[in-house]
Amino acid sequence: MTHEDGAQDTVLRLTGITKRFGALTANDDISFGLARGEVVALLGENGAGKTTLMNILFGHYTADAGTVEVFGRALPPGQPGAALAAGVGMVHQHFTLADNLTVLENILLGTRPLWAPGLGRAAARQRVAQLSRDFGLAVHPDARVGALSVGERQRVEILKALYRDARILILDEPTAVLTPQETEALFETLRRAVAQGLSVIFISHKLHEVTAISSRVLVLRHGRLVGEVATARTDRHRLAEMMVGAEISAPAPSVARPGAVLLELDGVETEAQGNATGLRGVNLALRAGQITGLAGVSGNGQGALADLLSGLAAPSAGRMTLGGAEVADWSPRAAVAAGIGRIPEDRHRTGTIADFTLTENAVLESYARQPVSRRGWMDRAEARRRAEAIIAAYDVRCPGPETRIRLLSGGNMQKLILGRVLEAAPSIILANQPVRGLDIGAVTYVQERLIAARDAGAAVLLISEDLDEVLALSDEIRVISEGRLSPAFPRGSRSPAELGQWMAGHGFDDAA
Amino acid sequence: MRLEPIAAPTPARRLGLPALALAATVVLASGLSMLAGADPLATFGQILQGAAGSKFALLETLNRATPLIFTGLAVAVAFRAKLWNIGAEAQLYAGALVTVVIGTQTGLPGPLAIPAMALAAVVAGGLVLLGPVLLKVRLGVDEVVTTLLLNFIMALFISYLLEGPLKDPMGMGWPKSPALPRDARLPRIVEGLRLHWGFVLALICALGVWVMQTRTTLGYEIRATGLNPQAARFAGIPVGRVLVKTALISGGLAALAGFSEVAGLKGNLTADLSPGFGYTGIIVAMLALLHPLGVVVSALFVAGIFVGADSMSRAAEVPSYIADILLAAALLFMVLAILLTRVRVVRG
Numbered sequence: 001m002t003h004e005d006g007a008q009d010t011v012l013r014l015t016g017i018t019k020r021f022g023a024l025t026a027n028d029d030i031s032f033g034l035a036r037g038e039v040v041a042l043l044g045e046n047g048a049g050k051t052t053l054m055n056i057l058f059g060h061y062t063a064d065a066g067t068v069e070v071f072g073r074a075l076p077p078g079q080p081g082a083a084l085a086a087g088v089g090m091v092h093q094h095f096t097l098a099d100n101l102t103v104l105e106n107i108l109l110g111t112r113p114l115w116a117p118g119l120g121r122a123a124a125r126q127r128v129a130q131l132s133r134d135f136g137l138a139v140h141p142d143a144r145v146g147a148l149s150v151g152e153r154q155r156v157e158i159l160k161a162l163y164r165d166a167r168i169l170i171l172d173e174p175t176a177v178l179t180p181q182e183t184e185a186l187f188e189t190l191r192r193a194v195a196q197g198l199s200v201i202f203i204s205h206k207l208h209e210v211t212a213i214s215s216r217v218l219v220l221r222h223g224r225l226v227g228e229v230a231t232a233r234t235d236r237h238r239l240a241e242m243m244v245g246a247e248i249s250a251p252a253p254s255v256a257r258p259g260a261v262l263l264e265l266d267g268v269e270t271e272a273q274g275n276a277t278g279l280r281g282v283n284l285a286l287r288a289g290q291i292t293g294l295a296g297v298s299g300n301g302q303g304a305l306a307d308l309l310s311g312l313a314a315p316s317a318g319r320m321t322l323g324g325a326e327v328a329d330w331s332p333r334a335a336v337a338a339g340i341g342r343i344p345e346d347r348h349r350t351g352t353i354a355d356f357t358l359t360e361n362a363v364l365e366s367y368a369r370q371p372v373s374r375r376g377w378m379d380r381a382e383a384r385r386r387a388e389a390i391i392a393a394y395d396v397r398c399p400g401p402e403t404r405i406r407l408l409s410g411g412n413m414q415k416l417i418l419g420r421v422l423e424a425a426p427s428i429i430l431a432n433q434p435v436r437g438l439d440i441g442a443v444t445y446v447q448e449r450l451i452a453a454r455d456a457g458a459a460v461l462l463i464s465e466d467l468d469e470v471l472a473l474s475d476e477i478r479v480i481s482e483g484r485l486s487p488a489f490p491r492g493s494r495s496p497a498e499l500g501q502w503m504a505g506h507g508f509d510d511a512a
Numbered sequence: 001m002r003l004e005p006i007a008a009p010t011p012a013r014r015l016g017l018p019a020l021a022l023a024a025t026v027v028l029a030s031g032l033s034m035l036a037g038a039d040p041l042a043t044f045g046q047i048l049q050g051a052a053g054s055k056f057a058l059l060e061t062l063n064r065a066t067p068l069i070f071t072g073l074a075v076a077v078a079f080r081a082k083l084w085n086i087g088a089e090a091q092l093y094a095g096a097l098v099t100v101v102i103g104t105q106t107g108l109p110g111p112l113a114i115p116a117m118a119l120a121a122v123v124a125g126g127l128v129l130l131g132p133v134l135l136k137v138r139l140g141v142d143e144v145v146t147t148l149l150l151n152f153i154m155a156l157f158i159s160y161l162l163e164g165p166l167k168d169p170m171g172m173g174w175p176k177s178p179a180l181p182r183d184a185r186l187p188r189i190v191e192g193l194r195l196h197w198g199f200v201l202a203l204i205c206a207l208g209v210w211v212m213q214t215r216t217t218l219g220y221e222i223r224a225t226g227l228n229p230q231a232a233r234f235a236g237i238p239v240g241r242v243l244v245k246t247a248l249i250s251g252g253l254a255a256l257a258g259f260s261e262v263a264g265l266k267g268n269l270t271a272d273l274s275p276g277f278g279y280t281g282i283i284v285a286m287l288a289l290l291h292p293l294g295v296v297v298s299a300l301f302v303a304g305i306f307v308g309a310d311s312m313s314r315a316a317e318v319p320s321y322i323a324d325i326l327l328a329a330a331l332l333f334m335v336l337a338i339l340l341t342r343v344r345v346v347r348g
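For the record, the sequence lines run as chains A and B.
First residue of the first sequence? That's 1 in the UniProt record's numbering, and the numbers climb one at a time after it.
First residue of the second sequence? That's 1 in the UniProt record's numbering, and the numbers climb one at a time after it.
So here's chain A without its partners, still in its complex pose:
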């Protein structure tokens, strides 16, 4: 079912939206309409301008030009309150819930006048229960939000919007944190919402989800609306082409030839860090010449495992052996010295120092050793030579090695980190979300380099929340759930649905 612009039942219309940040045009003259009872997918790579556009619609940003009309009336710019009152509800990628309050309290937060006596819980509880039934959003109203799973929290966010009589729901990358089963449940909720006359804008860069749920697809590229098609009249391949503007091909790794075990964890436990899950009785062997993929919903202990291999945390129980010898004095420097190459999850905050130059960033892990320094004195020419070598060999686009790395795009920053790691010829590589947020060209580049490192004999641990990426690259897959590790599944031995069961925590008790 496709609604053309200009139809009578247009609930939302954006006209000529333009937004610039300095030299960058994040949104360039974007216009489209949203009809009653349809799901429109907003598709685009990271940095294409999707989130900016939605932030303008919701009043977080003010557009440099253009207007937003909801139910035929123009929204005053820069006022989230006005968008809310007009019936626009937004579910952000990062939830905006108070962990220490209950579900009901979170939903009521901000809906009552400041001086109203009491919260009117009884009536509210009934209404929330009704909404839960109508939209298939099962969640206990008295549960503390801090104790809920990510999927449940998302349901609370949606309930929050529905409770405020939202007629237009905006979901920003809603599936990034969900298992395949949870995603299916979310889609069921959206179908019910649409059947009841709501309209949905679904922001994503995952093609199969876009084709599964939307009736119409808008494609953004470099801030411009480059395509608008009915979902029924297109396919994933065509959408991908529109998104990146060129033919794409995912790297297909050759058959692995696994060698000796380079790193082994035997019954390893780590302490939970605040809200972050620790590891529970983890057994893991990383073999030379093999990519081990770690699948799982975010926050299930990936961080703990990455910290352990990075040297930031030590096991509280169990044994960790590297090349046959048990690890004693464990630190980031020890990890680097032991030949572990580490690509951290957050390249901006952990992988680089934004106000350091490329040269200074290139020697972050080698500055204390010869030949970059001798007896405490830095050899700046040598550091610069290293940076130039990485820039050339890894195709880092930059004005020069003395540029502050802050000015580089995410992809080029990641290439520098990749070069820093691979130039040290590590025997073990920890790649934690190595392609998150990169454009497709950079994704392919990074993945090919990791495969090449594997072929050269490195043991690679690939941690990713994108199941498709894990399936495509891994010779062997492990699933992590609540700090526990599943058995090793060879390539192709499990379907995404089966892995989804493991991701949701099923199967761990009978698998010792």
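Any given hint might turn out to be false.
Said to hold, decoys possible - Some but not every residue of chain B turned toward chain A, in silico, with C-beta under 10 Å:
1. Glu4
2. Ala12
3. Ala116
4. Gly208
5. Thr214
6. Asn228
7. Gln230
8. Phe234
9. Ala235
10. Gly236
11. Ile237
Since the hints were made in silico from the structure, they are not lab data.
Ideal placement from N, C-alpha and C gives every residue a C-beta, glycine not left out.
Since chain A is already given, all that's left is putting chain B on it; use the hints.
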């Protein structure tokens, strides 16, 4: 009104804004001196005259700048690592204290006493800052609070010593320590001129800090730790140890101000040895944008304003407090200028 970060500030922005800040300071001070009923141009002329108009004035300015270079360097070194050392005043007094104790109690001959006093001062100043830094590294205690409060603890401790164990028996009841013997004092650079070798030591320290920051692995570690401790830790930089080393250097530099004031100028310890050199060091370091060579320039500037304003207030009817206002305004405008080189204000 919102602040939007600027990815790459132009050189015009980076140099123009600090210049604008100084200009704004001058405008403000002119207004104030007009309010006091004086001709602003004449006032500035007298300040300049008093700061650098004669050999005597110039030497006085250099003398006043010496402790400010030390405390300014102490603050600049610490702030680079985002170690907020507000306690240079306490470290200065610690340095002055051990200088007096070693100089008057050990009976070392001069050529040995001077290096021993300097070295002991450095160690003492480092140790005074070590406590707050260990509390910060181990327990996450805010060092702004601990270093600031240590200033008062040290001031009271010095008062106690000067009324008790360290009181000069020949001091006619004044709360002051015995004086250093002649040969334990820093000699004058040129005989007959009131400028001692402490000034040269301060210049050497500035050069040393600059070399340390730009050429050594420690300097690299300090900058990395200050800019992004999380990334520094991930890369294998021992962040806690770097902060401890930074503290020893910073505290040591501040303590050298106390050493140089006692051994070079005053000869003994009194409770009013420092008219806030430790605090003024923060202004000096900020005006220098934390650059160690810039600290020398800004210390001369700040000292010149103090010395010049003193002499100006004797000649004109403008109170010498204008020096404090000038410096406070210069600091505030400069902090604003530094902020505005990194962000721009946009409406909406």
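These are the hints, each one checked on the structure:
{"no.": "1", "hint": "Glu4", "in the structure": "holds (7 Å)"}
{"no.": "2", "hint": "Ala12", "in the structure": "violated (16 Å)"}
{"no.": "3", "hint": "Ala116", "in the structure": "violated (26 Å)"}
{"no.": "4", "hint": "Gly208", "in the structure": "violated (14 Å)"}
{"no.": "5", "hint": "Thr214", "in the structure": "holds (8 Å)"}
{"no.": "6", "hint": "Asn228", "in the structure": "holds (4 Å)"}
{"no.": "7", "hint": "Gln230", "in the structure": "holds (6 Å)"}
{"no.": "8", "hint": "Phe234", "in the structure": "holds (5 Å)"}
{"no.": "9", "hint": "Ala235", "in the structure": "holds (4 Å)"}
{"no.": "10", "hint": "Gly236", "in the structure": "holds (4 Å)"}
{"no.": "11", "hint": "Ile237", "in the structure": "holds (8 Å)"}
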